[in-house]
Amino acid sequence: MRINPRTTGKIAKVLIWAAALSVLVVLVAIILYILFKGMPFINWRFLTDIPRSMGRSGGIAPAIAGTAMVSLVAIVIAVPFGIGTAFYLAEYTRGNAVTRIIRFSAESLAAIPSIVYGLFGFLFFVIYLDLGWSVLSGGLTLAFMILPTVIRTSEEAILTVPNTYREVSFSLGGTKWQTIRKAVFPSAIQGIANGVILSLGRCVAETAAVILTAGSALRMASSLFSPTRTMAVHFYYLAREGISMDNAYATAALLILLIFLINVVANAFVNRTMAKGR
Amino acid sequence: MTTETNVKIAIRDLSVYYDKKQAVHSLSLDIRAHEILSVIGPANSGITTLLRSLNRLFDLTPGSRTEGDILLDEKSIYGPDVSLTELRRRVGMVFDVPTPLPMSIFDNVAYGPRLKSKKARGSVAETVERSLRMAALWDETKDRLKMPAASLSGGQQQRLCIARVLALEPEVILLDRPCSGLDPISTAKIEDSLTLLKKQFTIVLAPHNVQQAVRVSSRTAFMLSGRLIEEGPSTEVFSDPKDRRTSDYITGRFG
Amino acid sequence: MKKFKEKLSGRVFFALALSSISALALITVFIIVNGVPLIAEVGVGNFIFGMSWAPSRGEFGIFPMIVGSVAVTLGAAAIGVPVGICCSIFLAEFAPAPLRNLFRPAIQLLAGIPSVVYGFWGLLFLVPFIRNYLGGPGLSLLAGAVILGIMILPTVISISEVSILALPRQYKEGALALGMTHWQTIRSVILPSARSGIVAAVILGIGRAIGETMAVIMVLGNAVAMPASILDPVRTLTTNIGIEMGYASGPHQQALFATGIVLFVIIMILNASAQYITRKR
Numbered sequence: 000m001r002i003n004p005r006t007t008g009k010i011a012k013v014l015i016w017a018a019a020l021s022v023l024v025v026l027v028a029i030i031l032y033i034l035f036k037g038m039p040f041i042n043w044r045f046l047t048d049i050p051r052s053m054g055r056s057g058g059i060a061p062a063i064a065g066t067a068m069v070s071l072v073a074i075v076i077a078v079p080f081g082i083g084t085a086f087y088l089a090e091y092t093r094g095n096a097v098t099r100i101i102r103f104s105a106e107s108l109a110a111i112p113s114i115v116y117g118l119f120g121f122l123f124f125v126i127y128l129d130l131g132w133s134v135l136s137g138g139l140t141l142a143f144m145i146l147p148t149v150i151r152t153s154e155e156a157i158l159t160v161p162n163t164y165r166e167v168s169f170s171l172g173g174t175k176w177q178t179i180r181k182a183v184f185p186s187a188i189q190g191i192a193n194g195v196i197l198s199l200g201r202c203v204a205e206t207a208a209v210i211l212t213a214g215s216a217l218r219m220a221s222s223l224f225s226p227t228r229t230m231a232v233h234f235y236y237l238a239r240e241g242i243s244m245d246n247a248y249a250t251a252a253l254l255i256l257l258i259f260l261i262n263v264v265a266n267a268f269v270n271r272t273m274a275k276g277r
Numbered sequence: 000m001t002t003e004t005n006v007k008i009a010i011r012d013l014s015v016y017y018d019k020k021q022a023v024h025s026l027s028l029d030i031r032a033h034e035i036l037s038v039i040g041p042a043n044s045g046i047t048t049l050l051r052s053l054n055r056l057f058d059l060t061p062g063s064r065t066e067g068d069i070l071l072d073e074k075s076i077y078g079p080d081v082s083l084t085e086l087r088r089r090v091g092m093v094f095d096v097p098t099p100l101p102m103s104i105f106d107n108v109a110y111g112p113r114l115k116s117k118k119a120r121g122s123v124a125e126t127v128e129r130s131l132r133m134a135a136l137w138d139e140t141k142d143r144l145k146m147p148a149a150s151l152s153g154g155q156q157q158r159l160c161i162a163r164v165l166a167l168e169p170e171v172i173l174l175d176r177p178c179s180g181l182d183p184i185s186t187a188k189i190e191d192s193l194t195l196l197k198k199q200f201t202i203v204l205a206p207h208n209v210q211q212a213v214r215v216s217s218r219t220a221f222m223l224s225g226r227l228i229e230e231g232p233s234t235e236v237f238s239d240p241k242d243r244r245t246s247d248y249i250t251g252r253f254g
Numbered sequence: 000m001k002k003f004k005e006k007l008s009g010r011v012f013f014a015l016a017l018s019s020i021s022a023l024a025l026i027t028v029f030i031i032v033n034g035v036p037l038i039a040e041v042g043v044g045n046f047i048f049g050m051s052w053a054p055s056r057g058e059f060g061i062f063p064m065i066v067g068s069v070a071v072t073l074g075a076a077a078i079g080v081p082v083g084i085c086c087s088i089f090l091a092e093f094a095p096a097p098l099r100n101l102f103r104p105a106i107q108l109l110a111g112i113p114s115v116v117y118g119f120w121g122l123l124f125l126v127p128f129i130r131n132y133l134g135g136p137g138l139s140l141l142a143g144a145v146i147l148g149i150m151i152l153p154t155v156i157s158i159s160e161v162s163i164l165a166l167p168r169q170y171k172e173g174a175l176a177l178g179m180t181h182w183q184t185i186r187s188v189i190l191p192s193a194r195s196g197i198v199a200a201v202i203l204g205i206g207r208a209i210g211e212t213m214a215v216i217m218v219l220g221n222a223v224a225m226p227a228s229i230l231d232p233v234r235t236l237t238t239n240i241g242i243e244m245g246y247a248s249g250p251h252q253q254a255l256f257a258t259g260i261v262l263f264v265i266i267m268i269l270n271a272s273a274q275y276i277t278r279k280r
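Chains as they are written, first to last, in numbering that gives the first Met the number 0: chain A, 0 to 277; chain B, 0 to 254; chain C, 0 to 280.
Keep in mind the hints are simulated off the structure, nothing from the lab. Here the structure is a predicted model, which is why all the values come from computation and not from measurement. Beta carbons are placed, not taken as given, at the ideal position from N, Cα and C, and that holds for glycine. Hints may contain errors.
Claimed, not checked - Short derived list, chain A residues pointing at chain B, Cβ under 7 Å:
1) T7
2) T163
3) V167
4) S170
5) L171
6) G172
7) G173
8) F184
9) Q189
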């Protein structure tokens, strides 16, 4: 029996709508559930107090500080190297074999599981360089982890800058450096910033790589060489060992809000680029 | 004054290649000071390549190769001690589509002067005003210099690009089909400015049609498939072309 | 001065690029150097196909974990891929603008949420659900597959959608002009043309699933044994590293690096094939 194409079309359409809506419902449910359970426990004391009795009560200030410090180290190190590499690839060696090899390895390394970065960071920074479980070890490991992403997103941003900008700058007597600084960089900066901010999001959310390299100390880190735990790691312990569901929900809610904020900021950069109509 | 001393740019036996493909075939041509020379020809005649060779912008194209020589004021622009940035400052270029940089009107015109060292650049604001006046754009833009250049109309943008080149205080200006995307009124404005600019500069123009060459240029060169077919005073080339292909082209049989 | 700046900037960019590449090379070399000796000692066959993982007795066989990783990943793909592709068709072809504007940021947020949060959610709802209604301990292959199926959605959806949107408009207009219905156009013109992008999306999604650690560590049960059914607990290559790295030393630690090499190779193969498929277009 042949089914009328109109009927098949209708059935397909209904199925696709159903699939999409159920995904949306599940997503929104996960996010809202955690926010509803966690938000009531987020208050000033929770944000500023130290954890008491392993996190059963008290706040998460050291974990917030740990997240900030580890992410900051990662960004400060990965961003100059990543952007510099991207400019080198896009402006100095466009299209030759070396570029292709570098691009392929950056793309491949971006897909390596974070646990493998953790493995590397643990043995290299923690043991071999004897930095111990510390803010520095964690930050350096995350820097390695986000480096391929920063390179890739920055390079993409640079390559979308119209070639006429370069030609105009050269034709007006600009050197390569002046052209990069004055004509290319200002046009690429928003795309680059978008990539950097999303990388920051990955640092904040990462658990596997930092748990092996920054440790899980509950104390407030006093220097780059102190061990620390990040919010994601703290949440992992609270949830896995069932220490305190309320604090676990609150920490998760805080993490979700933070990631949401990071996405909003990153999108604002992209939207501004589009609004300028380049 | 003899014609010898009057030559601003001397192109000597120039051949230009993209990888294996040859775009310009052993071309020789003199460009005289304070003239408007039109280089006409159908698409893919190598005109853009020729223009881009004169300020060595063509060097940026991957796989490009050049033979022969180009003399600017009797000195080779391919000499070992030639500074590319200096050369491009002396030989300015306007592209076929308006190419404002994503910054304000003022910053666009100031782009070139600001590349110079602090001492050499003088007052940037004065240079910008003078250049905009010369490009006949000052009256329309003096109250909105801080606005993005992209907010100008297409014709204004192209005059902005001309002003941007004038701000370099160049000796030669190359214009590669500068009016190809513009309406007749904008085109007329640009042609008027060109006639005025002739007094101070040497201008090489690739017109977007034959009529423009007739209107503005003192001399005309006709190129076909990378070869120079004929050159001479515009009136002669258009009224009494020596080569059959030239007359076919200007009477509209092809191109 | 200008010449000097020009030279200096070129050198600096080169130095930065060189350091980045060395850093990336360092990771690869370091993991290989630390893992290969153990594989050589135990033997490639014994390591990969060995059934017994007992570091204290010097037995390092990771076959159950390879099976675990593959099984969980296949399960995740079975759930995530069809749903993801439906969602990308929905976004590219059916969704009204307001819904699309809600969907896209939600997907982005989903991609950014820490994986432990998914694990937690699985532990709270999925594990008890499986235990009560389907049987077994609840901590199971099935739980991990469902969680990962959700987690790979952003990758599958966004890359497939981009490849559908990248198609020339004429494809669709041409098909509609021939009198095809919207669905016939999607099925016989749009999906086949976007196939390479969608396949790449699926491969990259699988890569994400196989590399995920923290979400599955919480719901898989982590027993080192061949699973007999989808309700049994399993351990994957990643969770093996995550669980034991904290206290391993000596050959045990080397064995974890060797596990890392296996993961590395799997991801490289997946990624290279995704790149190959998209380039070919």
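Now for the hints, and whether the structure bears them out:
Hint status for T7/A: violated, given a least beta-carbon distance of 48 Å to chain B, over 7 Å. A least Cβ separation of about 5 Å between T163/A and chain B falls short of the 7 Å threshold, and the interface hint therefore holds. Of the supplied interface hints, the one on V167/A holds, with its beta-carbon coming within about 5 Å of a beta-carbon of chain B, less than 7 Å. The beta carbon of S170/A is positioned within 7 Å of a beta carbon in chain B (closest approach about 4 Å), and the interface hint is therefore held.
A cut of 7 Å between beta carbons decides the hint on L171/A: the least distance to chain B is about 4 Å, and the hint holds. Hint status for G172/A: holds, given a least beta-carbon distance of 4 Å to chain B, under 7 Å. With a least beta-carbon distance of about 5 Å to chain B, the hint placing G173/A at the interface is held under the 7 Å criterion. Annotation: interface hint on F184/A violated; nearest CB of chain B at approximately 11 Å, more than 7 Å.
Against a cut-off of 7 Å between C-beta atoms, the interface hint on Q189/A is violated, since the closest Cβ of chain B lies about 11 Å away.
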